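Turn these sequences into a full structure, and let the hints steer you where they fit.
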Amino acid sequence: MSKIKVENPVVELDGDEMTRIIWQFIKDELILKYLDVDLKYYDLSVEYRDETDDQVTIDAAHAIQEHGVGVKCATITPDEAR
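With the first letter of the sequence shown counted as 1, position 80 gets the number 80 in the working numbering; the numbers rise by one all the way through.
Hints are computed from structural coordinates only; laboratory data are not their basis.
Just so it is clear, the structure is predicted and the values come from calculations on it, not from any experiment.
Careful, some of the hints might be misleading.
Stated by the list, open to error - Only pairs whose alpha carbons sit at most 16 Å apart, straight line, appear in this in silico EDC-like list of lysine to aspartate or glutamate:
(1) Lys40 to Glu17
(2) Lys3 to Asp43
(3) Lys3 to Asp36
(4) Lys5 to Asp43
(5) Lys72 to Asp16
(6) Lys40 to Glu66
(7) Lys3 to Asp38
(8) Lys27 to Asp50
(9) Lys40 to Glu7
(10) Lys27 to Asp14
(11) Lys27 to Asp38
(12) Lys72 to Asp43
(13) Lys72 to Glu17
(14) Lys72 to Asp28
(15) Lys72 to Asp14
(16) Lys5 to Asp36
(17) Lys3 to Asp28
(18) Lys72 to Asp59
Claimed, not checked - Derived CB-CB ranges, DEER-like:
(19) Asn8 to Glu80: 24 to 34 Å
(20) Gly70 to Glu17: 14 to 24 Å
(21) His62 to Gln24: 17 to 27 Å
(22) Glu80 to Pro9: 33 to 43 Å
(23) Asp50 to Met18: 17 to 27 Å
(24) Asp79 to Ser2: 36 to 46 Å
(25) Met1 to Arg49: 36 to 46 Å
(26) Ser2 to Val46: 34 to 44 Å
(27) Ile4 to Phe25: 13 to 23 Å
(28) Tyr41 to Ile4: 34 to 44 Å
(29) Glu51 to Ile4: 34 to 44 Å
(30) His67 to Asp28: 17 to 27 Å
From the three backbone atoms N, C-alpha and C, an ideal C-beta is built for every residue, glycine too.
Take a look at the structure:
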């Protein structure tokens, strides 16, 4: 099956812990299998934000302004119900 070509890049905002695992699954199973898309990756984990003194957050915001769209998996806190 041929993939659908996405004309413009999409800014990908990665998060922490379970969010990374869930987002990777969504990307692999629902996005990259079907779309030919240029993802502009930004690591917004707490560790990397600290390492860059939050510069990565500013860079990600500028990328979203430039490309017009950004995607981030919502952060969740696992509990007994989940």
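Results of checking the hints against the structure:
For the suggested pair Lys40 and Glu17, the alpha carbons sit about 20 Å apart, so the restraint of at most 16 Å is broken. Restraint check for Lys3 and Asp43: the C-alpha separation of about 26 Å exceeds 16 Å, so the hint is violated. Restraint check for Lys3 and Asp36: satisfied, since their Cα atoms lie roughly 6 Å apart, inside the 16 Å limit. As the CA atoms of Lys5 and Asp43 are separated by approximately 25 Å, the hinted pair breaks the 16 Å bound.
For the suggested pair Lys72 and Asp16, the alpha carbons sit about 11 Å apart, so the restraint of at most 16 Å is met. A distance of roughly 11 Å separates the Cα atoms of Lys40 and Glu66; the hinted pair therefore holds under the 16 Å criterion. Simply put, Lys3 and Asp38 have alpha-carbon atoms about 13 Å apart, close enough for the 16 Å limit, and the pair holds. Under the criterion of a C-alpha separation no larger than 16 Å, the hint pairing Lys27 with Asp50 is inconsistent with the structure, at around 26 Å.
In summary, the hint linking Lys40 to Glu7 is supported, as the alpha carbons are separated by about 13 Å, within the 16 Å threshold. For the hint pairing Lys27 with Asp14, the CA-to-CA distance comes to about 11 Å; that is within 16 Å, so the pair holds. For a cut-off of 16 Å, the pair hint linking Lys27 to Asp38 stands: about 12 Å separates their Cα positions. Simply put, Lys72 and Asp43 have alpha-carbon atoms about 10 Å apart, close enough for the 16 Å limit, and the pair holds.
With a C-alpha separation of about 13 Å, the suggested pair Lys72 and Glu17 falls inside the 16 Å cut-off, and the hint holds. With a C-alpha separation of about 15 Å, the suggested pair Lys72 and Asp28 falls inside the 16 Å cut-off, and the hint holds. Simply put, Lys72 and Asp14 have alpha-carbon atoms about 6 Å apart, close enough for the 16 Å limit, and the pair holds. Using a Cα cut-off of 16 Å, the hinted pair Lys5 and Asp36 holds, with the two alpha carbons roughly 5 Å apart.
For the proposed pair Lys3 and Asp28, the alpha carbon gap of about 13 Å is at most 16 Å, so the pair holds. In summary, the hint linking Lys72 to Asp59 is supported, as the alpha carbons are separated by about 15 Å, within the 16 Å threshold. At about 41 Å, the beta-carbon gap between Asn8 and Glu80 misses the expected band of 24 to 34 Å. In this structure the hint that Gly70 and Glu17 lie 14 to 24 Å apart at CB holds, the actual value being about 20 Å.
For His62 paired with Gln24, a C-beta distance near 25 Å keeps the hint of 17 to 27 Å intact. With their beta carbons about 40 Å apart, Glu80 and Pro9 fall inside the hinted range of 33 to 43 Å. Under the hint 17 to 27 Å, the C-beta atoms of Asp50 and Met18, about 19 Å apart, fit the expected range. Under the hint 36 to 46 Å, the C-beta atoms of Asp79 and Ser2, about 42 Å apart, fit the expected range.
At about 38 Å, the beta-carbon gap between Met1 and Arg49 stays in the expected band of 36 to 46 Å. Checked against the hint of 34 to 44 Å, the C-beta distance between Ser2 and Val46 comes to roughly 39 Å, which is consistent with it. Separation of Ile4 from Phe25 is about 20 Å and conforms to the stated range, judged on CB atoms against 13 to 23 Å. At about 20 Å, the CB distance of Tyr41 to Ile4 disagrees with the hint of 34 to 44 Å.
A hinted range of 34 to 44 Å holds for the C-beta pair Glu51 and Ile4, which are about 36 Å apart. Here the CB-CB span from His67 to Asp28 is close to 22 Å, well matched to the stated 17 to 27 Å.
Hints 1, 2, 4, 8, 19, 28 from the list above are not met by this structure, while the remaining hints are.
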